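Novice: Put chains B, C and D with the ligands on the given structure of chain A with help from the hints.
Chains as they are written, first to last, in my numbering: chain A, 4 to 325; chain B, 4 to 325; chain C, 423 to 765; chain D, 423 to 765.
Rather than coming from a laboratory, the hints here were simulated on the basis of the structure. Among these hints, one or two may not hold up.
To be verified - What follows is a list of derived Cβ distance ranges for each label pair:
id : chain 1 : residue 1 : chain 2 : residue 2 : range
1  : C       : 617       : A       : 312       : 51 to 59 angstroms
2  : B       : 252       : D       : 661       : 40 to 48 angstroms
3  : B       : 312       : D       : 475       : 21 to 29 angstroms
4  : C       : 743       : A       : 272       : 38 to 46 angstroms
5  : C       : 758       : A       : 34        : 42 to 50 angstroms
Computed from a prediction, not measured in an experiment: that's the story for all the values here. Positions of the beta carbon are idealized from the N, C-alpha and C atoms, including for glycine.
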Amino acid sequence: MEKLNKERAAWIYKKMNDIRNFENEVHEIFATGSIPGFVHLYAGEEAVAVGVCAHLTDNDYITSTHRGHGHCIAKGCDLNQMMAEIYGKETGLCKGKGGSMHIADIDKGMLGANGMVGGGFPIAIGAGLRNQYLKTKDVAVCFFGDGAANEGTFHESINMASIWKLPVVFVNENNSFGEATPQWYASGSKRIADRGPAYGIPSETVDGKDLMAVYEAAGKAIERARNGEGPTLIECLTYRNYGHFEGDEQKYKASSGDENTFAKRDCIKEFRQYAVDKKLLSAAGANKIEKSSTEDIEHAIKFAEESEVPKPETLYQDVFAD
Amino acid sequence: MEKLNKERAAWIYKKMNDIRNFENEVHEIFATGSIPGFVHLYAGEEAVAVGVCAHLTDNDYITSTHRGHGHCIAKGCDLNQMMAEIYGKETGLCKGKGGSMHIADIDKGMLGANGMVGGGFPIAIGAGLRNQYLKTKDVAVCFFGDGAANEGTFHESINMASIWKLPVVFVNENNSFGEATPQWYASGSKRIADRGPAYGIPSETVDGKDLMAVYEAAGKAIERARNGEGPTLIECLTYRNYGHFEGDEQKYKASSGDENTFAKRDCIKEFRQYAVDKKLLSAAGANKIEKSSTEDIEHAIKFAEESEVPKPETLYQDVFAD
Amino acid sequence: MARRIAFMKAINEALDQAMAKDDKVILLGEDIAGGAKVKQLEKENEDAWGGVFGVTKGLMPKYGRKRVIDTPISEMGYMGAAVGAAATGLRPVPELMFNDFIGFSLDTILAQGSKMRYMFGGKARIPMTVRTTHGAGASAAAQHSGSYYGLFGSIPGVKVVVPSNPYDAKGLLLSAIEDDNIVVFSEDKTLYGLKGEVPEDYYKVEIGKAKIKREGKDLTIVTIGKMLYVALDVADQLAKDGIETEVIDLLTVAPWDQETVIESVKKTGRLIVIDEAHPHNNTAKDIAAVVGDKAFDYLDGPIKTVCAPNTPVPFATNLEQLYLPSPKRVLETAAELIDDLKK
Amino acid sequence: MARRIAFMKAINEALDQAMAKDDKVILLGEDIAGGAKVKQLEKENEDAWGGVFGVTKGLMPKYGRKRVIDTPISEMGYMGAAVGAAATGLRPVPELMFNDFIGFSLDTILAQGSKMRYMFGGKARIPMTVRTTHGAGASAAAQHSGSYYGLFGSIPGVKVVVPSNPYDAKGLLLSAIEDDNIVVFSEDKTLYGLKGEVPEDYYKVEIGKAKIKREGKDLTIVTIGKMLYVALDVADQLAKDGIETEVIDLLTVAPWDQETVIESVKKTGRLIVIDEAHPHNNTAKDIAAVVGDKAFDYLDGPIKTVCAPNTPVPFATNLEQLYLPSPKRVLETAAELIDDLKK
Ligand SMILES: Cc1ncc(C[n+]2csc(CCOP(=O)(O)OP(=O)(O)O)c2C)c(N)n1
Ligand SMILES: Cc1ncc(C[n+]2csc(CCOP(=O)(O)OP(=O)(O)O)c2C)c(N)n1
Ligand SMILES: [Mg+2]
Ligand SMILES: [Mg+2]
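Here chain A stands alone, though its shape is the one from the complex (with noise of 0.2 angstroms):
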């Protein structure tokens, strides 16, 4: 595993604040009613889709969650698409048709926020199988939450994956609840790692508001399934800023205590302390990627304004191949 070099801490503070950005943004908007339908933000959870992503190229393929924006940031999906997409327009990544809970790029190895929660473990193994057959040295990511971790596609996919040695990392945003109810009520392990040894695969838990943390544990798991030596599972301890979606009140988080100190981390500030600290990032390097970060957002809200909505001829469209 490469050691983080200061190219990539540029790209890192940048996709972390385009993420920041975004989710910030998103929820300002939909708060005045121009975004319709289910949205939920990735605000808080950065230092794991970008961590990860920092170790991926166009080829390797990612699968997503309902909560999906920032591995769509992480992964190199375009902002002003991204943009349009929630906003239903048709010049959004998937013409306007999918929006903020199936926005997907294929061509960028992003196989789509997925609104069933748990939907994304078997595709990626079907990812997984995919690069191991062709023989290339491409791998599959598949991010999934603590709530997910419950559904059975967890259990079917990772022992497949375990005992066809595939190269997934299956990467666990574990962020304390899902929805409304906390891992500590739903998940019969203390751990979602603690589940690894069930599929004889390695599994560690990590902090997951420390990029450098994300980054490592990643960057070790990817470079194993890439020499074949199979999947990893890695839990990453989170919080989100935003409630499950827009509009929840969240009444279930604590307003003091371990958890609230731990909701109060930022891990852009972290990471921009760190990287400062390690020269990786001037300080003045890291303002102008804020700035430019900023603006690129802007940008984006400004493209999916102006855009159209889809053609009503659309509607019939793209249902089958031909």
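Specialist: For chains B, C and D with the ligands alone, kept in the frame of chain A given last:
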């Protein structure tokens, strides 16, 4: 847990013989064409069903599998009605409408063989939930195969049993194969019991050819469950005497080596030896039991053969309860 | 009975009354209470959500977590547990948050719950009501907007009801919970805010009976769920041209009320069925086919269905509106029949 | 083309030829080879089973375990893996041993594979063929005898084919595998031994086209799968009374061939559809409804369907035979139409 006494030992020996005789006869009759459909024989695995059910009353529930005759007999279902059911006769336990794969007797707490591999897990959870909710001391035992352990229902159900501390005992019958697929290929964990920790529940592997090993492990687990201490996972290593279903060539079975040595063990003979040694059974008593078992099965066959097929109008009955 | 309450409140009230009446009734589902084992909520005996739409709000505080059970995200697990609990004497009401999630739990209904009684020679009873939601119109996109009541209705041993208003919602839900069979109670999520008169007492609306919402002699329109409002709108418009439309709210999708529908068609000679489900192998087609068999001699024109197009549900609002059967499309369809009528 | 081979052999040959032609084609399923990691079999490069019915026998020895993949008993897992592999460029052919197991894996088709292309704005292709089995008549009882091709066919984005004979089985399977969409290829397990003429070369039968198996001017009977043989028997019997029956083998259940069916009904004026699926919301009803709309003016009598009764499939052989649509039941139905004809 009660120590095994003479009365129980006689009960156990009778049930083991009943299962073996029942299955051996069904094997013969199937070859003649008198029994239609798919038939999966339990012969060879008697120690598991009997060792577990020796601790149960009619108020306890079990869920079973496609290989369900043994569980049925051990749980106290009527041999005549069972045989009639397998023949598809109106006197059958299910009036001839279920057959071998759906043999059931709710009055005896037998919630059905199940044609769906993994179909029994959630049903056992429901029975456990009911036992707990009604503040009974009753348990639910879920029998399942090594192959079934790879279904998502295994995962979802054991997790639920764990978080709710349900009085459910999961009894895995690891006979090394799911159809023609070895457990050592299909499972990412070496042992099924390795999966217990993933749910924070106690689990162990026992010699499933040894009635007493099963009896003791089950006794402990059932006691825990009755005391409100939650679920247990017991893996019983066993082997089936026949093929997956009738008609199977069994090319996947080893003809020598450890597997074959294990295959050749006879759990009934071993238990007889043990019981006679421990003076739980006399040789004469054992012989008498063997004889009465043979007679009972003969009688069951006669009963089944002499019974009528279901009346045509029953086709339309019992779809809905009113 | 002047009290008007919302559709979702009527459902909440039915659950409340069913639970008060029979302590065998338990609810299971994801976040139907919410916040299990969260300290501050435990202290206040509060539910965090009361369901993703708030339909079950307040029931946990009233009946406790032993009866209002938050489940892990394990649809096959808890739906199957409901089957098991029903088979052993409870009267569970599991909630499948969106009917689209049936892909994660179909076996519990298709192969287990619906078949047990038959396979077991009549010994089992499965008194279980699956509450679920269906319907497009909420911008919930392809995986959260489907209408699968017809799919459930195709399974022998399953009853399916789809209420269109608060009154019927409450009464049908109480009937469903008392029923000793699997009943799928499918709620249109876009109707939750709809208000209507609802008696405060415990009452039942019969499963299997359709209701004539408007009488007419020229044309029968049969509707499922909120399609009723499309039909009533169309009927108003047709009335201006002197066409008298009979509008039938199906209410029960399986087994649907052949008698009421066929009697109506015998009178009017013309039928349109509106169903927002995908267009093939759905309830509308089933009705059309049965009418084309049993009332053929009374028909004065082709049997029409107005359904969704054969596409997934699109996200963009304008496309989604186009996707749903609309008064415009029904009027166009009616025009084909009515031209004939005018001749 | 005098070579006659069994239905199952025709399927095996199609798989073999598809794999030989395109190395993106892989097979996945439970024991489609069998005996993975069993020493004595590895040594001999042998498959233990080649599928539970032996349909895929010999393919693993020929193409290896990388292409003929035995899976754990994890239907959601490997069916979803097939979707993922298809979306990323392979051409998987998963086998769902019995279509009844769809309860364990519906999401992969209902919400994932069938909707991806649409949800993703046209970017995805899902070239995947699900082989599965359906049908009563093998005493396999309620959980292994269902006919769910109509359920699959109700899902937008899914094509469904049901061959009735070896020739069409081979040609349709080759078409399905070349198709860039999800195609469910549903095999009647009771037909596996049926022999028929099958060319040795690679050929395709078009998806979406029905075949007229017998021409007639008095009555149209449309059939799905093995119901063809019921219809042909009935046609023979009716011929004795001078009734000329047109028999149409649907072959593709979704999208079914409206043109062929409607043209026939326009000629005969009478229709019976035979479908062994559960009676509600099935393909037979869909056909009846469409005909009742689009060919209404040509109909000389009610539109009839002959399906299974609304019950699970019973185990006892005598009941199972009664369950299946029979020539007797079809003749009785035909009699209703023909009385009319004779007038
Ligand atoms: C199959 C399925 N079940 C339930 C839901 C409803 N649902 C949407 S998100 C969610 C919680 C997911 O929790 P988690 O996996 O922890 O992800 P997070 O939201 O915390 O990122 C639930 C239950 C769904 N969309 N799909
Ligand atoms: C859901 C489902 N998948 C697959 C099958 C086909 N099948 C029947 S038995 C069986 C093997 C089960 O193996 P195991 O659980 O080890 O039980 P055993 O037969 O060894 O007792 C399979 C795959 C099925 N009946 N149901
Ligand atoms: Mg979470
Ligand atoms: Mg086994």
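Novice: None of the hints should be skipped; say for each whether it holds.
Specialist: Right, here's what the structure says about each hint:
The beta-carbon spacing between residue 617 of chain C and residue 312 of chain A, approximately 31 angstroms, falls outside the hinted interval of 51 to 59 angstroms. The hint said 40 to 48 angstroms for the Cβ distance between residue 252 of chain B and residue 661 of chain D, and at roughly 46 angstroms that hint holds. Separation of residue 312 of chain B from residue 475 of chain D is about 27 angstroms and conforms to the stated range, judged on CB atoms against 21 to 29 angstroms. Distance hint for residue 743 of chain C and residue 272 of chain A: a CB-CB separation of about 44 angstroms, consistent with the stated range 38 to 46 angstroms.
Distance hint check for residue 758 of chain C and residue 34 of chain A: the Cβ-Cβ separation is about 46 angstroms, which falls inside the suggested range of 42 to 50 angstroms.
Hint compliance for this structure: hint 1 alone is broken.
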